[in-house]
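Trainee: Got chain A sorted already, so can you dock chain B onto it with the hints?
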Amino acid sequence: MERRVVVYIWGNLTADNFTPRAGKDTIGRPGQQAGLSASDVIPPGRKAQGIDIAKLIAPLRAIPDNIERGGTPGHFAIAPTDELGAVDLRQLEDWAMSRGTGRTHEFTQLLLNAVVQPNATGGTQ
Amino acid sequence: MTLASVVSFPPVARNEYLDRLGVLPPRPAFTPELWTTVHDEVQEQLMSLEADVRQKMPGIRVRAGHTSGRHFYLFSYRTFSMPDTALDPVVVGITFTSVEQSVTVEADVSGEQIGDCISSAVSKTVPSSKEALLAAARELAQNLCQSADAIVAALADPSRRVE
Numbered sequence: 015m016e017r018r019v020v021v022y023i024w025g026n027l028t029a030d031n032f033t034p035r036a037g038k039d040t041i042g043r044p045g046q047q048a049g050l051s052a053s054d055v056i057p058p059g060r061k062a063q064g065i066d067i068a069k070l071i072a073p074l075r076a077i078p079d080n081i082e083r084g085g086t087p088g089h090f091a092i093a094p095t096d097e098l099g100a101v102d103l104r105q106l107e108d109w110a111m112s113r114g115t116g117r118t119h120e121f122t123q124l125l126l127n128a129v130v131q132p133n134a135t136g137g138t139q
Numbered sequence: 005m006t007l008a009s010v011v012s013f014p015p016v017a018r019n020e021y022l023d024r025l026g027v028l029p030p031r032p033a034f035t036p037e038l039w040t041t042v043h044d045e046v047q048e049q050l051m052s053l054e055a056d057v058r059q060k061m062p063g064i065r066v067r068a069g070h071t072s073g074r075h076f077y078l079f080s081y082r083t084f085s086m087p088d089t090a091l092d093p094v095v096v097g098i099t100f101t102s103v104e105q106s107v108t109v110e111a112d113v114s115g116e117q118i119g120d121c122i123s124s125a126v127s128k129t130v131p132s133s134k135e136a137l138l139a140a141a142r143e144l145a146q147n148l149c150q151s152a153d154a155i156v157a158a159l160a161d162p163s164r165r166v167e
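Residue numbers (this note's numbering), protein chains in the order written: chain A, 15 to 139; chain B, 5 to 167.
One chain only, chain A, in its complex shape (with noise of 0.2 Å):
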């Protein structure tokens, strides 16, 4: 049987918090991709939405940090993705563009989809 890879984004299912901040999730750092932040823990009493990795449709992929390469162990990148499995960073910041403006953009819609434990709260996973 497969096993369910479930990822937090922290905070609430807000439109704006499931699309990345132009200028911050758009730049990667050493062991980490560009990208919305996810990662396997909530911090206890906080509010996170749970997204089961394996319902995330392309373009949009979960990539874990390489934590050899100075990464934070549990934390993902979510991001669009090329045919090859790298950040299309065009598509990322076209998506970043979006915040703020009250549209839902095609991507944000996509994650939301892939939300499968809407509010879950830390210390209780």
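Quick caveat, the hints were computed from the structure, so don't treat them as lab data. Quick caveat, the model's predicted, so the values are computed rather than measured. Beta carbons are placed, not taken as given, at the ideal position from N, Cα and C, and that holds for glycine. Check the hints yourself; a few may be wrong.
As the list claims (entries may be wrong) - Okay, derived cross-link-like pairs now, EDC-like style, lysine to aspartate or glutamate, Cα gap no bigger than 20 Å in a straight line:
{"id": "1", "chain 1": "A", "residue 1": "Lys-38", "chain 2": "A", "residue 2": "Asp-102"}
{"id": "2", "chain 1": "A", "residue 1": "Lys-38", "chain 2": "B", "residue 2": "Asp-88"}
{"id": "3", "chain 1": "B", "residue 1": "Lys-134", "chain 2": "B", "residue 2": "Glu-48"}
{"id": "4", "chain 1": "A", "residue 1": "Lys-69", "chain 2": "A", "residue 2": "Asp-96"}
{"id": "5", "chain 1": "B", "residue 1": "Lys-134", "chain 2": "B", "residue 2": "Glu-45"}
{"id": "6", "chain 1": "A", "residue 1": "Lys-38", "chain 2": "B", "residue 2": "Glu-167"}
Stated by the list, open to error - Distance windows between CB atoms, simulated:
{"id": "7", "chain 1": "A", "residue 1": "Ile-81", "chain 2": "B", "residue 2": "Ala-90", "range": "26 to 32 Å"}
{"id": "8", "chain 1": "B", "residue 1": "Met-51", "chain 2": "A", "residue 2": "Gly-136", "range": "29 to 35 Å"}
{"id": "9", "chain 1": "B", "residue 1": "Gln-105", "chain 2": "A", "residue 2": "Gly-42", "range": "18 to 24 Å"}
{"id": "10", "chain 1": "A", "residue 1": "Thr-115", "chain 2": "B", "residue 2": "Ala-125", "range": "35 to 41 Å"}
{"id": "11", "chain 1": "A", "residue 1": "Gly-136", "chain 2": "B", "residue 2": "Arg-165", "range": "35 to 41 Å"}
{"id": "12", "chain 1": "A", "residue 1": "Arg-18", "chain 2": "B", "residue 2": "Ala-139", "range": "40 to 46 Å"}
{"id": "13", "chain 1": "B", "residue 1": "Pro-62", "chain 2": "A", "residue 2": "Ala-68", "range": "45 to 51 Å"}
{"id": "14", "chain 1": "A", "residue 1": "Arg-17", "chain 2": "B", "residue 2": "Val-126", "range": "31 to 37 Å"}
{"id": "15", "chain 1": "B", "residue 1": "Pro-87", "chain 2": "A", "residue 2": "Gln-123", "range": "26 to 32 Å"}
{"id": "16", "chain 1": "A", "residue 1": "Arg-18", "chain 2": "B", "residue 2": "Gln-105", "range": "22 to 28 Å"}
{"id": "17", "chain 1": "B", "residue 1": "Thr-129", "chain 2": "A", "residue 2": "Asn-80", "range": "26 to 32 Å"}
{"id": "18", "chain 1": "B", "residue 1": "Glu-135", "chain 2": "A", "residue 2": "Gly-88", "range": "43 to 49 Å"}
{"id": "19", "chain 1": "A", "residue 1": "Gly-59", "chain 2": "B", "residue 2": "Ala-33", "range": "34 to 40 Å"}
Said to hold, decoys possible - Partial pick of chain A residues on the chain B-facing surface, computed with a CB cut under 7 Å:
{"id": "20", "residue": "Arg-18"}
{"id": "21", "residue": "Val-20"}
{"id": "22", "residue": "Trp-24"}
{"id": "23", "residue": "Arg-60"}
Mentor: Same frame as chain A, but now just chain B:
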């Protein structure tokens, strides 16, 4: 005469992917129009909360919105934020999710990105009827309208800065 072959297959005990067939999970059928009506009801009730917060905190920015997904019918919310600050916006929202043939309605006030609890969640499970959903939306949204002071305090709390 040709004898027909009898072929039988043993039952297979697995249920993954059955959701693709619409078999699991059992969800009541709702129209998009119903959720528009429910969203409108929530937002109408939250108007008085917005007025209270604006009175206590002039210059505040307020946005109304809603989202939906395959595992939740509706999240109807208002986001309160202070322009030109790095403080996490405060989200006042109600989520509607399916529980077998009923709907769970959950209301709370929390941080948009950090998810800190600003006002405790209240939830109830109601039958899958328009009347029950609208009544729950109204009741829980009115409950949220008591949160003006907590929202103002959260939006003045420097420990709620985000990157």
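Trainee: A separate judgement is required for each hint: does it hold in the structure or not?
Mentor: Against the structure, the hints:
Restraint check for Lys-38/A and Asp-102/A: satisfied, since their Cα atoms lie roughly 16 Å apart, inside the 20 Å limit. Of the pairs offered as hints, the one joining Lys-38/A and Asp-88/B holds, with about 17 Å between alpha carbons and a cut-off of 20 Å not exceeded. Distance check on the hinted pair: Lys-134/B and Glu-48/B sit about 17 Å apart at the alpha-carbon level, within 20 Å; holds. Distance hint between Lys-69/A and Asp-96/A is fulfilled; the C-alpha atoms sit about 18 Å from each other, no more than 20 Å.
For the suggested pair Lys-134/B and Glu-45/B, the alpha carbons sit about 12 Å apart, so the restraint of at most 20 Å is met. About 9 Å separates the Cα atoms of Lys-38/A and Glu-167/B, which keeps this hinted pair within 20 Å; it holds. At about 29 Å, the CB distance of Ile-81/A to Ala-90/B agrees with the hint of 26 to 32 Å. At roughly 32 Å, the beta-carbon separation of Met-51/B and Gly-136/A lies within the given 29 to 35 Å, and the hint holds.
Taking 18 to 24 Å as the suggested C-beta distance range, the pair Gln-105/B and Gly-42/A does not conform, at roughly 46 Å. Between Thr-115/A and Ala-125/B the CB atoms are about 29 Å apart, so this pair departs from the stated range of 35 to 41 Å. One distance hint, 35 to 41 Å for the beta-carbon pair Gly-136/A and Arg-165/B, is violated here, with the actual separation near 20 Å. Separated by about 35 Å at the C-beta atoms, Arg-18/A and Ala-139/B break the suggested range of 40 to 46 Å.
One distance hint, 45 to 51 Å for the beta-carbon pair Pro-62/B and Ala-68/A, holds here, with the actual separation near 47 Å. Separated by about 34 Å at the C-beta atoms, Arg-17/A and Val-126/B satisfy the suggested range of 31 to 37 Å. Restraint check, Pro-87/B to Gln-123/A: a C-beta distance of roughly 27 Å satisfies the suggested window 26 to 32 Å. The supplied range of 22 to 28 Å is met by Arg-18/A and Gln-105/B, whose beta-carbon atoms lie about 24 Å from each other.
Checked against the hint of 26 to 32 Å, the pair Thr-129/B and Asn-80/A fails, with Cβ atoms roughly 43 Å apart. Evaluation of the 43 to 49 Å hint for Glu-135/B and Gly-88/A yields a pass: the beta carbon distance comes to about 44 Å. For Gly-59/A paired with Ala-33/B, a C-beta distance near 36 Å keeps the hint of 34 to 40 Å intact. A least Cβ separation of about 9 Å between Arg-18/A and chain B goes past the 7 Å threshold, and the interface hint is therefore violated.
For Val-20/A, the suggested interface contact is broken, since its CB lies about 12 Å from the closest CB of chain B, more than 7 Å. With a least beta-carbon distance of about 5 Å to chain B, the hint placing Trp-24/A at the interface is held under the 7 Å criterion. Annotation: Arg-60/A was flagged as interfacial toward chain B, and the flag holds, the nearest CB pair being 4 Å apart, inside 7 Å.
In terms of the numbered hints stated before, the structure departs from hints 9, 10, 11, 12, 17, 20, 21, listed from lowest to highest.
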